[in-house]
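Take the numbering used here: the final residue in the sequence shown is number 394, and no numbers are missing along the way.
Hints should not be assumed to be uniformly reliable.
Said to hold, decoys possible - The calculated lysine-lysine pairs, modelled on BS3-like cross-linking and capped at a C-alpha distance of 25 Å, are: (1) 231 / 383; (2) 195 / 100; (3) 13 / 100; (4) 193 / 152; (5) 59 / 30; (6) 152 / 195; (7) 13 / 152; (8) 13 / 360; (9) 30 / 383; (10) 51 / 231; (11) 231 / 291; (12) 240 / 364; (13) 383 / 13; (14) 152 / 197; (15) 30 / 51; (16) 59 / 231; (17) 51 / 383; (18) 59 / 195; (19) 51 / 240; (20) 152 / 100; (21) 231 / 30; (22) 240 / 100; (23) 30 / 197; (24) 360 / 291.
I should point out that these hints are in silico values taken from the structure, not numbers from a laboratory.
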Amino acid sequence: MQAVKFKTTTGYKLIFIVITIVMSLRCVGKELVTSLTTALAFSYEYGFYDKSLVGSMYKLIAGFFTDDVYSYNVAFIFSAILMLLGIIIYIIMGNVLLGKADEARREAVFIILIFFTIFAASIITAEDYIGSAQSFLLITLLIYIYCLIVNKVSALLFVIPIIAMVTDSDFALEYMSIIIVLLLYRIYTSTNKTKYKAILFVNLISTILLYIYFIISHTALYEDVIRTRAKALSSEYEVKEGLLKYYMYGFAGGMDSMPEPIICIQRIVYMILLLIPFIVFFVIMYRRVWKATISSSNRLFYRILPFGSILVIPLFIYSNNYGTWFFAMLSYYVLTTLALILMGDEHVYTAFNGIINTIKTKYKWLIILLIYAVFFTPIDSVKVGQFVNNFVIR
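Starting from the given sequences, assemble the full structure and let the hints guide the process.
Dropping the structure here:
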């Protein structure tokens, strides 16, 4: 029996690796867009400001190998290496999570990982994300979830949100809801409630304080030198004005880059309409969870579980990176489902597995939804993706 289990696990892992590589190659960008090169011009030499960690790492590491740090070729090599490392770590994390699933839950974990990978590959390799802070946030989030699942390396649970916030303060609204919900689950179900309450308290306080700090801490003193370096890093000698203005003036400056309201509305509405098959899946799943937990002592947790993604909504208002924000909302539902199943939650697993079994026995044709998901990739930070953008009337 042990040998069969090993072979089954190995098969799932190999398929996961192949799908990850295939999707990464499908989404991979050929050059660094202006938003990425402009971000690399930010550095802590100008002060402790938001979105400066990656740029500081770039300057430090590239400076060891060349004096010509602010050039497109050096920036591309640095970002490409980060992209490759991101893919390797993502594959490792996926295999580790598959290995943590018992035999009964392994198929469910595999299906969730494959579905998530179809979208997640873009955040690491697509043109808008090569070596970006967003890809770093995704990897750190997966590491956090792993630590929470195995109930070990508690020190990282305190530190990772701080590292993520320093990387990009958008983490607070993008992914923090996933951490909060999973910690609440641990508090509800763990015998060591005090530890997880302490982790939740530290995570919330550090995130809130850093978010407030980054909101009020902006400076335009170094605009000329940053603009010059950003242009030097760009292959087209251009600057991403919205990102630069956010760095200099905060939200007010960043909102200047928003497109016409009608374009924004169309991108959001069409994306929601096109995602209806997946929305229906999760609605059915949560309804089953609710019915199964009517008499549960933790029923409040399951009532609020579907609404954690609401925290992402403010991001749609102050920035038009709609592809990134939609991915964050998708990540909430997929990763909380994955983590709860791996943490042994019977209600979520039973509801999810029940729908999958129904599909396998009555609606096998719904497997095309995985192919349908591929059409949304590669994800474009602003336009969501070419598939969605085809519906936008300008």
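Distance restraint between residue 152 and residue 197, which requires alpha-carbon spacing of 25 Å or less: Status holds; Cα separation ~15 Å.
25 Å Cα cutoff - pair residue 51, residue 383: Roughly 22 Å between the alpha carbons, so the hint for residue 51 and residue 383 holds.
Pairwise hint evaluation, residue 231 against residue 51, where the allowed Cα distance is 25 Å at most: Holds, because 18 Å separates the two Cα atoms, which is no more than 25 Å.
Pair hint residue 13 and residue 152, alpha-carbon separation not exceeding 25 Å: 23 Å, holds
Satisfaction of hint between residue 364 and residue 240, Cα-Cα up to 25 Å: Not satisfied, since the Cα-Cα distance of roughly 46 Å exceeds 25 Å.
Given hint residue 240 paired with residue 51 - CA-CA distance at most 25 Å: Between residue 51 and residue 240 the Cα gap is close to 14 Å, so the pair holds against 25 Å.
Proposed proximity, residue 51 with residue 30 (alpha carbon, max 25 Å): This hinted pair holds, its Cα atoms lying about 23 Å apart.
Satisfaction of hint between residue 360 and residue 13, Cα-Cα up to 25 Å: The hint holds at about 21 Å.
Straight-line alpha-carbon gap residue 360 to residue 291, limit 25 Å: This hinted pair holds, its Cα atoms lying about 23 Å apart.
Given pair status - residue 13, residue 383, alpha carbons within 25 Å: 33 Å, violated
Hint consistency between residue 193 and residue 152 [alpha-carbon to alpha-carbon, up to 25 Å]: 14 Å, holds
Restraint status (C-alpha distance of residue 59 to residue 195 at most 25 Å): With Cα atoms ~38 Å apart, residue 59 and residue 195 exceed 25 Å; violated.
In the structure shown, a violation is registered for the earlier hints numbered 11, 12, 13, 18, 22 and 23, in ascending order.
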